[in-house]
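Those protein sequences? They're chains A and B, same order as listed.
Numbering (the working numbering) for the first sequence: 235 to 518.
Numbering (the working numbering) for the second sequence: 235 to 518.
Hints in this document: simulated from the structure, not taken from any laboratory.
This one's a predicted model, so the numbers in the text were calculated from it and none came from an experiment.
Among the hints, erroneous ones may be present.
One copy or two, it doesn't matter: identical chains are merged, so the pair holds either way.
[As the list claims (entries may be wrong)] Derived BS3-like pairs (lysine-lysine); straight-line CA-CA distance at most 30 Å:
(1) K418 / K361
(2) K403 / K376
(3) K418 / K470
(4) K413 / K361
(5) K470 / K332
Protein chains: 2
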Amino acid sequence: MAYLDHVRACNDFDPAGFRPFRAGADRIGYVRHALADELRRWPGVFRVEEGSVSLHPGLGDFEARSRAVDAPLRQLASEGLIESWRDEPYPVTPDWHKPPLMRIERAACPHFGIRAFGVHLNGFVRKPDGVHMWIARRAYDKPTFPGMLDNMVAGGQPLGIGLMENVIKECGEEAGIPKEIARKAVPVGMISYTHQPPEGCKPDQMFCFDLELPEEFMPHAADGEVAEFYLWPIGKVADIVRETFEFKFNCNLAIIDFLIRRGVIAPDTEPDYAALVHGLRAGQ
Amino acid sequence: MAYLDHVRACNDFDPAGFRPFRAGADRIGYVRHALADELRRWPGVFRVEEGSVSLHPGLGDFEARSRAVDAPLRQLASEGLIESWRDEPYPVTPDWHKPPLMRIERAACPHFGIRAFGVHLNGFVRKPDGVHMWIARRAYDKPTFPGMLDNMVAGGQPLGIGLMENVIKECGEEAGIPKEIARKAVPVGMISYTHQPPEGCKPDQMFCFDLELPEEFMPHAADGEVAEFYLWPIGKVADIVRETFEFKFNCNLAIIDFLIRRGVIAPDTEPDYAALVHGLRAGQ
Chain A
235 MAYLDHVRAC NDFDPAGFRP FRAGADRIGY VRHALADELR RWPGVFRVEE
285 GSVSLHPGLG DFEARSRAVD APLRQLASEG LIESWRDEPY PVTPDWHKPP
335 LMRIERAACP HFGIRAFGVH LNGFVRKPDG VHMWIARRAY DKPTFPGMLD
385 NMVAGGQPLG IGLMENVIKE CGEEAGIPKE IARKAVPVGM ISYTHQPPEG
435 CKPDQMFCFD LELPEEFMPH AADGEVAEFY LWPIGKVADI VRETFEFKFN
485 CNLAIIDFLI RRGVIAPDTE PDYAALVHGL RAGQ
Chain B
235 MAYLDHVRAC NDFDPAGFRP FRAGADRIGY VRHALADELR RWPGVFRVEE
285 GSVSLHPGLG DFEARSRAVD APLRQLASEG LIESWRDEPY PVTPDWHKPP
335 LMRIERAACP HFGIRAFGVH LNGFVRKPDG VHMWIARRAY DKPTFPGMLD
385 NMVAGGQPLG IGLMENVIKE CGEEAGIPKE IARKAVPVGM ISYTHQPPEG
435 CKPDQMFCFD LELPEEFMPH AADGEVAEFY LWPIGKVADI VRETFEFKFN
485 CNLAIIDFLI RRGVIAPDTE PDYAALVHGL RAGQ
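Build out the structure end to end from the sequences listed, making use of the hints.
What follows is the structure, encoded as structure tokens:
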């Protein structure tokens, strides 16, 4: 296999099975045809048509939209059509820097094809024999991707806090990284893709951070979401990404981005170089 | 103004004034309608139609195509329709890693909308008061963009040598950087855009390199292409890029990419962050 297989796996969305989800003139997501039919039960909230689903135009502002949508979502969750309710409000906006149109429960996002934002942090150590990267193995009892490899710290981006603030919070919760170290994380770019999981569509953007750690620092999972941490030479990490699907799907992209930015994947030797650079931002 | 203005300035191509330039089934460029009419003079080389210009299908391989095209180009140059002939053969290929379809004189590339490849190197110094970047001012007698600001080292990518090899060569020629230092340049990514200069279309890809230099190193223009070098704090460089058009158009993008990768442009504070990340690779 090749690094590019991960870019392809993260960009497997086929709009044929979906119809656009609109709020006024804006497309804010995609809904599977089967879910669209369920939404006909709430005509005061959703307008379901052959080619689209729209929020009822009478829902004129952020609070009205957010409140109106919440009850149907809870009903769908109670029927098992939306699983793993988290009580985490996510913003509904195609651009993190634009005012969100409403808030929506995190678990509902992929069902409605809502863009989710996240932060991914690659923690690394410079040793005499080269760069090493901290890798997390997700807890075996996590509801999503149990036991898979992951970036040192990663998390969804909830409403109401900044990206860097979220990084510092997740650093503490997931890896026991104290604030004074986490604060040194550097924002280094953004990755975008459009993935099609069984429950819907994920047109997501991940903000990437690098954090150089002192050699003596040992992470520990503070919140039980991580089973184990490994400190591996960057060449070993690159091999696992290139040859396997052991990492959670989007974590591969955050590592490929790191490898490109640090010259481990180099344009003189990687035939897919241009396709990788473009593919890491293939979401629109 | 905003950083994004440079992304827009580099992506100002409007295909309306052009017709596609094809070799077999592949589109390899774009030709202005006026140049297409001139090419009717060589029916054994170019097939000029209402909606396209194609290489004559009888030109079956790399050598045949390269030789056939050379004479008309020299004629056009002698008539002043192609200026600044450089005797530098460029590959004709949409992807640096694919075998080129033919070679073509560098000066002809924009007239035919051929993708050109280049290397751009940001030289920087870590000082106690922060990162400083080496900036070149182009010689005032250079045929293109005289007197404008530029990356420390940059150059077009000719046929027959590697990208890193080209970086090392240009480092020596343009800034007097010895091989043992230049070799430490790190490939860090690629930028793509589709620019429309007066002479045609530039759907180019720039391979970016970072080179950390020791504080005592002083560059000097070995080949007369640089008037002067400056070592400026990164904040000053960022301000000039954000507020002015003093840099040659595509050098702005190489610096914006550096600023993003090093957290100077940060997602918590830059409202155009996602647009910049995508815009630096807007060429396809």
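So, going through the hints one by one against the coordinates:
1. K418 / K361: both (18 Å within a copy, 18 Å between copies)
2. K403 / K376: within (19 Å within a copy, 52 Å between copies)
3. K418 / K470: Classified as both; 25 Å inside a copy, 22 Å across copies.
4. K413 / K361: Both ways: K413 and K361 sit 23 Å apart in one copy and 25 Å across, limit 30 Å.
5. K470 / K332: between (40 Å within a copy, 28 Å between copies)
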